[in-house]
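Engineer: Single-letter residue listing:
Protein chains: 2
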Amino acid sequence: MSETAKTTPSRPRKVRDVKRWDLETDVAIVGFGGAGGCAAIEAADAGSSVTIFEVASASGGSTAMSSAEIYMGGNGGTRVQRACGFEDNTEDMVTYMMMAAGPQADEAKIRNYCENSRDHFQWLVDIGVPFKDSFHKERAIMCLTDDGLLYTGSEKAYPFAQHAKPCPRGHNLYIEGDNGGPLFMKIVTENVEKRDAITVEYETRALTLIVNEDDEVVGLVVRKDQQELNVRARQGVILCAGGFVMNEEMVRKYAPMLTRGNTPIGNPGDTGTGIMMGMSVGAAAINMHEGFITVPYYPPASMTRGIVINDQGQRFINEDVYHGRLGAFILQQQSERFYFVLTVEQYGDYERVSYMGAEVAGTGETVEELEQELGLRDGTLQHTLKVYNEDCVRGEDTQCHKAAEWLEPLQPPLVALDITPGRGTFLPFFTLGGLDTLPTGEVVNPERDVIPGLYAAGRTACGVVRRAEGYSSGMSVGDATFSGRMAGRQVAGRKRS
Amino acid sequence: MSETAKTTPSRPRKVRDVKRWDLETDVAIVGFGGAGGCAAIEAADAGSSVTIFEVASASGGSTAMSSAEIYMGGNGGTRVQRACGFEDNTEDMVTYMMMAAGPQADEAKIRNYCENSRDHFQWLVDIGVPFKDSFHKERAIMCLTDDGLLYTGSEKAYPFAQHAKPCPRGHNLYIEGDNGGPLFMKIVTENVEKRDAITVEYETRALTLIVNEDDEVVGLVVRKDQQELNVRARQGVILCAGGFVMNEEMVRKYAPMLTRGNTPIGNPGDTGTGIMMGMSVGAAAINMHEGFITVPYYPPASMTRGIVINDQGQRFINEDVYHGRLGAFILQQQSERFYFVLTVEQYGDYERVSYMGAEVAGTGETVEELEQELGLRDGTLQHTLKVYNEDCVRGEDTQCHKAAEWLEPLQPPLVALDITPGRGTFLPFFTLGGLDTLPTGEVVNPERDVIPGLYAAGRTACGVVRRAEGYSSGMSVGDATFSGRMAGRQVAGRKRS
Numbered sequence: 022m023s024e025t026a027k028t029t030p031s032r033p034r035k036v037r038d039v040k041r042w043d044l045e046t047d048v049a050i051v052g053f054g055g056a057g058g059c060a061a062i063e064a065a066d067a068g069s070s071v072t073i074f075e076v077a078s079a080s081g082g083s084t085a086m087s088s089a090e091i092y093m094g095g096n097g098g099t100r101v102q103r104a105c106g107f108e109d110n111t112e113d114m115v116t117y118m119m120m121a122a123g124p125q126a127d128e129a130k131i132r133n134y135c136e137n138s139r140d141h142f143q144w145l146v147d148i149g150v151p152f153k154d155s156f157h158k159e160r161a162i163m164c165l166t167d168d169g170l171l172y173t174g175s176e177k178a179y180p181f182a183q184h185a186k187p188c189p190r191g192h193n194l195y196i197e198g199d200n201g202g203p204l205f206m207k208i209v210t211e212n213v214e215k216r217d218a219i220t221v222e223y224e225t226r227a228l229t230l231i232v233n234e235d236d237e238v239v240g241l242v243v244r245k246d247q248q249e250l251n252v253r254a255r256q257g258v259i260l261c262a263g264g265f266v267m268n269e270e271m272v273r274k275y276a277p278m279l280t281r282g283n284t285p286i287g288n289p290g291d292t293g294t295g296i297m298m299g300m301s302v303g304a305a306a307i308n309m310h311e312g313f314i315t316v317p318y319y320p321p322a323s324m325t326r327g328i329v330i331n332d333q334g335q336r337f338i339n340e341d342v343y344h345g346r347l348g349a350f351i352l353q354q355q356s357e358r359f360y361f362v363l364t365v366e367q368y369g370d371y372e373r374v375s376y377m378g379a380e381v382a383g384t385g386e387t388v389e390e391l392e393q394e395l396g397l398r399d400g401t402l403q404h405t406l407k408v409y410n411e412d413c414v415r416g417e418d419t420q421c422h423k424a425a426e427w428l429e430p431l432q433p434p435l436v437a438l439d440i441t442p443g444r445g446t447f448l449p450f451f452t453l454g455g456l457d458t459l460p461t462g463e464v465v466n467p468e469r470d471v472i473p474g475l476y477a478a479g480r481t482a483c484g485v486v487r488r489a490e491g492y493s494s495g496m497s498v499g500d501a502t503f504s505g506r507m508a509g510r511q512v513a514g515r516k517r518s
Numbered sequence: 022m023s024e025t026a027k028t029t030p031s032r033p034r035k036v037r038d039v040k041r042w043d044l045e046t047d048v049a050i051v052g053f054g055g056a057g058g059c060a061a062i063e064a065a066d067a068g069s070s071v072t073i074f075e076v077a078s079a080s081g082g083s084t085a086m087s088s089a090e091i092y093m094g095g096n097g098g099t100r101v102q103r104a105c106g107f108e109d110n111t112e113d114m115v116t117y118m119m120m121a122a123g124p125q126a127d128e129a130k131i132r133n134y135c136e137n138s139r140d141h142f143q144w145l146v147d148i149g150v151p152f153k154d155s156f157h158k159e160r161a162i163m164c165l166t167d168d169g170l171l172y173t174g175s176e177k178a179y180p181f182a183q184h185a186k187p188c189p190r191g192h193n194l195y196i197e198g199d200n201g202g203p204l205f206m207k208i209v210t211e212n213v214e215k216r217d218a219i220t221v222e223y224e225t226r227a228l229t230l231i232v233n234e235d236d237e238v239v240g241l242v243v244r245k246d247q248q249e250l251n252v253r254a255r256q257g258v259i260l261c262a263g264g265f266v267m268n269e270e271m272v273r274k275y276a277p278m279l280t281r282g283n284t285p286i287g288n289p290g291d292t293g294t295g296i297m298m299g300m301s302v303g304a305a306a307i308n309m310h311e312g313f314i315t316v317p318y319y320p321p322a323s324m325t326r327g328i329v330i331n332d333q334g335q336r337f338i339n340e341d342v343y344h345g346r347l348g349a350f351i352l353q354q355q356s357e358r359f360y361f362v363l364t365v366e367q368y369g370d371y372e373r374v375s376y377m378g379a380e381v382a383g384t385g386e387t388v389e390e391l392e393q394e395l396g397l398r399d400g401t402l403q404h405t406l407k408v409y410n411e412d413c414v415r416g417e418d419t420q421c422h423k424a425a426e427w428l429e430p431l432q433p434p435l436v437a438l439d440i441t442p443g444r445g446t447f448l449p450f451f452t453l454g455g456l457d458t459l460p461t462g463e464v465v466n467p468e469r470d471v472i473p474g475l476y477a478a479g480r481t482a483c484g485v486v487r488r489a490e491g492y493s494s495g496m497s498v499g500d501a502t503f504s505g506r507m508a509g510r511q512v513a514g515r516k517r518s
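Quick mapping for you: the protein sequence lines, in order, are chains A and B.
To convert a position in the first sequence, counted from 1, into our numbering, add 21.
To convert a position in the second sequence, counted from 1, into our numbering, add 21.
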């Protein structure tokens, strides 16, 4: 086979088929986003020579495209948390993240993350990432001010708040507008560039891993200037090549739920090749079915005072959860339509601020009128609103447990937005599955034996974030940068082959 | 590594480490359940020598533990379907199975199954499997009479009936009681035993695959009488080793939803080793998150006239669906309790016939009284029942689309059964993920390139059945026996190495 086979991530190259090493390095890193950049810095600072291979012509990855909120806390709180008056207990953070991840939670990984998250904050500050000691009070998906801290998840919402003391953990870079990602990657890139031990090869595509006779990963095949190069990695290879959201076939096969979204979030390189390279040498790819898929119904925060209903006119989720949790529960209902019901006053805010793109499905001077316009069975929306409005007056949402601060009777005139997946509303999505790794970044097989020489971080690995139901903004860049550092440090401690 | 490594399914043995071949055969089959047995018969009939390795001391696998209903139809109908007055169109069967499998459907595999399903029926008859030409009218999970045909899925229920003409496709063996599985495997085993070309090695555990330098699968390591034996398979290895429902760690990692069940359905050998062996040579394991998890609320069929509610007192699913679909939707709600609400008269049937094991959570001479006993918010169950009962009178379930034949107003006195997962109700589950294969049974890698010499069938492969939401009884044994035959035929056509 070997003589005719094309070079593909699903089939590693054997060292016996390597005629010469075109490049040698201690550590080879695939991908120069948040994970790859942080991995490189750590590995270099621990004494290794590092080469990063990036398919694009510049650093960035999906981190640069993101808001670069970073989920951090615990150990009493980061500098920003404490300055803003929040004391953050590590156990509360662990509880929240365990609930968020669900039954597939990796407790060792979550504990390691929470216990070292405050140090991670300090490491980021040390490499020059600026955070302002100020709290952004308004509910937002991304912070458009330069405030340093905000709630970015479901910490204050049912059922999380009932189990873990809420604390804001979304750290936002000290810059106005949605510009955190580019700034963050600029800082990381400058740090990489000033380290002599790190070389970056841009416009270079990683094709497949190279394994020796004992199935250890000893290098990487890359393509640069239309030539295949064999790269020897004396200490190991770190895959930081992103997820697979841009690979339609893979999404359909592994994460079918996501096929209902309409806007993949990621960079063009998120084609799953890093994950496939791992699988080709026996690594376990886990949590591949999970993804983030969302109906981003706020801002404006006032939308939280509206209600979401299905085609039976029923509520089914507390609307003060993180938007990704709401998206996940919408996809799990048997219902052909979903509506966001709000007052005309709230609709004014929506038109001005929202980017959700949902169309008006009906309006009503009375509830009955709206019910009819939406084609709901008579009496159903009336019942839902009667119960809801009574509950608002009493200050307790007996049905879905939305927090009291958001309870305000919905009085006609009312508007209903159509948020049905597939009917035009913005429905962004990305993947949450990847290679199983130890907290050190070492890639493991299905029996959790380490595959020597192979490491993964960021979205190529399956990190602390496991479900749309429990996602919080900042967990992806938090996990990418932290897991990148863990892998970089670990590989640098490995004996050179 | 090789000199110290233990033999484990996650690491294939290299042919260079094989000192001698202890056994040689054309085709090596791992597992003697429905898939393995049918694969062996086909391969032998096509001229190959076959050795089956079975870890237990007898044939059977999970097929023998099942009711052995077999999902078949299309091409105008099987003999039994036609004798019972049903004409079954292949396209209706394809549409139903595609909807059942959802976005992750493998259309090529489903088409191949449906187009050849009537021939499969004939093949089974030819090897001696008896089916009576009679229709079992009563709604049942398994047929306790000797009738040959019954509805075993959601064919007549929303949303399936709206897209594909309903037809019963569950074929039941000609035997009284829930005894189809043992009879089926007795017949298959007799067919295996009378073929000289087939050898069966019982009490023999498959440990790992053997690969040559080109990564072709050329054999298998097995353990028998406390000795490791190297088995050379000249044409290939077929993995028919079941799923992974008995491997708790694997279930948690790959199919976290199933951790909410309480009774794994399978045989003790369902530990995922077949799937791991495939993964170890670069095969794609797909659909690993999916499983069947169910609240088996019928029989008695009269339960279908009851309603299922959540802790908001809401219905959320038509109760005439297959029980596995109801189970799937229960697990997808944000609700801390689930109840089955029925009349006292229906409860009488339940006590007499059901094996669901749900406890009474409340009773009421009036709806208000039951509402209070269940701790539901006042007015909620009243609303649900008012709407439901009115709809029953009108003959149309406007809310959940239960078919008219099941609509009968629920009049107090009422009983509510607690069917909350984790509170005692019988909640059986099994896995639906496995190795990706072509319709031929050839195992493929993530890019769908064939892994030479490796085949899979039954639950070790990911077959036509993909979701609890769309499961129908008979799809597992149907898929196991059919996919076994496909793989057996394919491997027998391969050049001997």
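To be clear, the hints were calculated from the coordinates, so they are not data collected in a lab.
The reader is advised that the hints may include incorrect statements.
For chains that are exact copies, the list does not tell them apart, and a pair is met inside one copy or across any two.
Claimed, not checked - With a straight-line cut-off of 20 Å between C-alpha atoms, the simulated SDA-like cross-links for lysine to any residue are:
| id | residue 1 | residue 2 |
| --- | --- | --- |
| 1 | Lys-207 | Asp-470 |
| 2 | Lys-40 | Met-120 |
| 3 | Lys-153 | Arg-398 |
| 4 | Lys-40 | Pro-430 |
| 5 | Lys-40 | Ser-375 |
| 6 | Lys-516 | Ala-424 |
| 7 | Lys-40 | Glu-234 |
| 8 | Lys-407 | Pro-285 |
| 9 | Lys-27 | Glu-468 |
Engineer: Are there hints from earlier that the structure breaks, and if so, what are their numbers?
Structural biologist: 1, 2, 3, 4, 5, 6, 8
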